[in-house]
Amino acid sequence: MNPGTILLVEDNPQDEMLIMRALRRAKVGNPVEVARDGQQALDYLFKAGEFASRSGPDLPTVVVLDINLPRVGGLQVLERIRANPSTHLLPVVMLTSSDEQRDRIGSYEKGCNSFVRKPVEFGEFAEAIGRLGMYWVATNESPTSTPQAASTPTPDA
Amino acid sequence: MPWIGAVAAAVERRETSLALFVEHVPAAVAMFDTYMRYLLVSRRWLTQFGIEREHVIGRSHYELQPSTPARWREIYARALAGEIVDSEEDQLQDAQGATQWLRWEVRPWRNGNGQVGGLLVFCEDITGRKRAELELRASAERLRVLTDTAPVMMWMSAPDGGFVHVNQVWLDFGGRPRSAELGMGWADSVHPDDRDACVANHSAGVAAQRVVVMDYRLRRADGQYRWISHTGMPRFSPHGEFLGCIGSSVDITERKLAADEKQRLADELDRRVRERTQELEGANHELEAFAYAVSHDLRAPLRAMHGFSRALVEDYGERFQDEAGQYLEQIQKGAQHMSELIDGLLVLSRVTRGELRREPVDLSEYAREILEDLVRKEPDRKVAWEVEPGLTARGDPRMLEVVLRNLLANAMKYTARKAEARIRFGTELNDGERCFCVNDNGAGFDMAHAEKLFQPFQRLHRADEFPGLGVGLATVQRIVHRHGGRIWASATPREGASFRFTLPAVERERPPSEAQPGDDK
Chain E
1 MNPGTILLVE DNPQDEMLIM RALRRAKVGN PVEVARDGQQ ALDYLFKAGE FASRSGPDLP
61 TVVVLDINLP RVGGLQVLER IRANPSTHLL PVVMLTSSDE QRDRIGSYEK GCNSFVRKPV
121 EFGEFAEAIG RLGMYWVATN ESPTSTPQAA STPTPDA
Chain R
158 MPWIGAVAAA VERRETSLAL FVEHVPAAVA MFDTYMRYLL VSRRWLTQFG IEREHVIGRS
218 HYELQPSTPA RWREIYARAL AGEIVDSEED QLQDAQGATQ WLRWEVRPWR NGNGQVGGLL
278 VFCEDITGRK RAELELRASA ERLRVLTDTA PVMMWMSAPD GGFVHVNQVW LDFGGRPRSA
338 ELGMGWADSV HPDDRDACVA NHSAGVAAQR VVVMDYRLRR ADGQYRWISH TGMPRFSPHG
398 EFLGCIGSSV DITERKLAAD EKQRLADELD RRVRERTQEL EGANHELEAF AYAVSHDLRA
458 PLRAMHGFSR ALVEDYGERF QDEAGQYLEQ IQKGAQHMSE LIDGLLVLSR VTRGELRREP
518 VDLSEYAREI LEDLVRKEPD RKVAWEVEPG LTARGDPRML EVVLRNLLAN AMKYTARKAE
578 ARIRFGTELN DGERCFCVND NGAGFDMAHA EKLFQPFQRL HRADEFPGLG VGLATVQRIV
638 HRHGGRIWAS ATPREGASFR FTLPAVERER PPSEAQPGDD K
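These protein sequences, in sequence, are chains E and R. Be aware that the first sequence starts at 1, since it is given in our numbering, and climbs by one per residue. Be aware that the second sequence starts at 158, since it is given in our numbering, and climbs by one per residue.
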């Protein structure tokens with residue numbers, strides 16, 4: 001089976017480093033592509049702009065998307081992903097450091113699959129990332145994978 | 158002389174129709190000869206002069222009225238000489254001395270030869286009429302005095318609306334001659350901007366014969382325009398005939414200016430309130446954006462601090478001495494502490510600026526859920542808790558939840574060293590006022606420092622004894638105050654603490670529950 005790619009959209013280089021480390025420690029070995037703003041993320045997904053001639057799988061298995069991004073914001077990226085038929089069903093996990101209710105509700109309203117806070121306490125954070133990685137990459141049956149008999153994903157322990 | 162008597166007797170005996178006519182004519186008339194002897198006389202004459210009938214014809218008037226004044230004798234003499242003398246109204250004293258008014262005519266009559274044969278006298282007592290006339294004049298004079306001295310401008314108009322009279326007060330106000338005010342001349346003094354409406358209203362009122370009330374500006378003698386309140390009313394004759402209008406006007410300039418000023422101030426106040434509200438809303442929005450930015454931007458570096466310290470320990474920990482590990486742990490704690498600080502500040506700021514909803518809130522239910530949650534998170538502790546059922550208040554559900562969570566979490570925290578913690582949430586009667594109360598049997602605090610309790614960042618315990626930030630109670634107090642309530646605390650060190658607060662009650666009935674002690678609302 002082709003190990004799916006994870007698209008991480010994160011503008012903060014420190015957060016990026018910590019997330020990558022957490023994924024490593026959780027033994028999520030999939031390749032991770034990093035986009036550093038909303039526009040880059042969209043260009044990657046739709047093979048436009050600087051990614052017009054990229055190789056690799058058409059779509060990642062999951063997108064981990066920070067809400068606060070320069071150029072094009074996270075919620076806008078989410079909207080565009082949901083609006084486009086080719087990416088319509090792509091699993092998206094929203095990350096944010098804010099605990100503003102409107103961010104959470106807004107994300108769900110726009111169709112994110114999951115919403116995770118980035119806590120300051122690193123242990124929690126790392127665990128959350130690890131679990132995320134394992135769930136979406138290993139356990140979840142994505143819409144684009146080969147259809148299996150059982151299609152309901154089982155959550156990781 | 159016997160022949161005179163014979164003639165008189167003959168005349169008297171001849172019942173001519175003329176004699177009958179003269180006798181009964183309803184006027185005082187008499188016919189005399191040149192000696193002023195009565196030839197014919199009417200009854201009314203006799204009544205008027207107080208003369209009895211039988212002795213009249215042939216008798217001289219002077220004989221019957223010996224006190225006839227010289228004036229009359231002279232008039233009779235003149236008339237006998239050929240002059241017609243008359244008077245439309247003659248004032249004299251009657252027999253009793255009262256004033257009498259007479260209208261009379263004395264004229265000579267001529268016989269066939271053209272010679273004066275005597276006099277014809279006509280006399281009418283017009284005393285009644287004259288008195289009425291004088292009374293009317295006196296009455297009119299009284300009215301004039303009244304209208305001229307009453308401190309109100311008055312006017313009267315003809316049925317066509319033109320003024321026929323203005324009182325002295327009106328004239329003094331305008332300073333123009335009376336002739337200028339009559340007809341429609343008065344309208345020349347009305348302010349040009351008000352004139353058309355004023356004249357139109359006045360004419361309409363006259364035409365419809367109804368009351369007109371209006372305000373307009375009228376030029377005063379000194380040139381200044383004054384605001385006038387004008388009232389005009391129709392007047393009718395006793396037969397219901399429309400005679401025109403009558404009215405009065407009052408200078409209301411002061412009152413009008415005050416009213417205008419009041420309106421201007423009200424508008425100004427309105428404008429200022431709107432401006433201030435906009436400012437506040439703007440400030441609120443800014444605060445909100447600020448809080449959002451804080452929440453996001455301040456946490457990122459903390460994440461880095463905490464995360465990389467931990468990563469160091471996890472990835473390279475075996476290369477460190479213990480002390481190095483401790484240093485890194487301190488870095489992590491610092492970051493964690495700051496994160497909680499930010500959280501606390503955000504809650505405090507949200508509580509301060511957030512919109513306060515006012516709904517019935519079931520405090521008992523909130524307290525129960527919170528305590529169950531707190532106890533579940535610390536399964537190793539022995540906690541006996543109690544919540545009085547049916548406690549409600551009117552306020553913002555989210556904020557009141559924060560209040561209870563803070564107070565109950567504090568109770569849990571400060572009873573951590575007790576073998577069995579006891580926590581209670583209920584009500585008490587305090588000076589006749591119902592208040593809510595969170596009691597615990599924990600560490601308590603020194604009442605001497607009680608005023609620091611609710612200030613942010615002021616702590617009454619050392620951080621190593623009881624970790625915490627000191628923002629919670631400040632938030633709780635802010636919420637309680639925003640609801641219009643009070644909060645106060647009392648404690649005995651090592652025995653326990655009580656936090657009491659008041660909140661607006663839910664109006665009318667509370668949810669059906671057992672009767673509360675001391676609750677009689």
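One thing to keep in mind: the hints can contain errors.
As the list claims (entries may be wrong) - On the chain E side, residues computed to face chain R include the following (Cβ under 10 Å):
1. Asp15
2. Arg21
3. Pro31
4. Ser53
5. Ser55
The hints are simulated quantities; they were obtained by calculation from the structure and are not laboratory data. Model, not experiment: these values are computed from the prediction. Just so you know, even glycine gets a beta-carbon here, dropped at the ideal spot from N, CA and C.
Evaluation of the provided hints:
About 6 Å separates the beta-carbon of aspartate 15 (chain E) from the nearest beta-carbon of chain R, less than 10 Å, and the hint is met. Taking 10 Å as the C-beta contact cut-off toward chain R, the hint placing arginine 21 (chain E) at the interface holds, the least distance being around 6 Å. Proximity of proline 31 (chain E) to chain R is violated relative to the hint, the smallest CB-CB distance being about 22 Å (cut-off 10 Å). At its closest, the beta carbon of serine 53 (chain E) sits 34 Å from a beta carbon of chain R; the interface hint therefore is violated under the 10 Å criterion.
Using the Cβ-Cβ criterion of 10 Å, the hint placing serine 55 (chain E) at the interface with chain R is not satisfied: the shortest such distance is roughly 32 Å.
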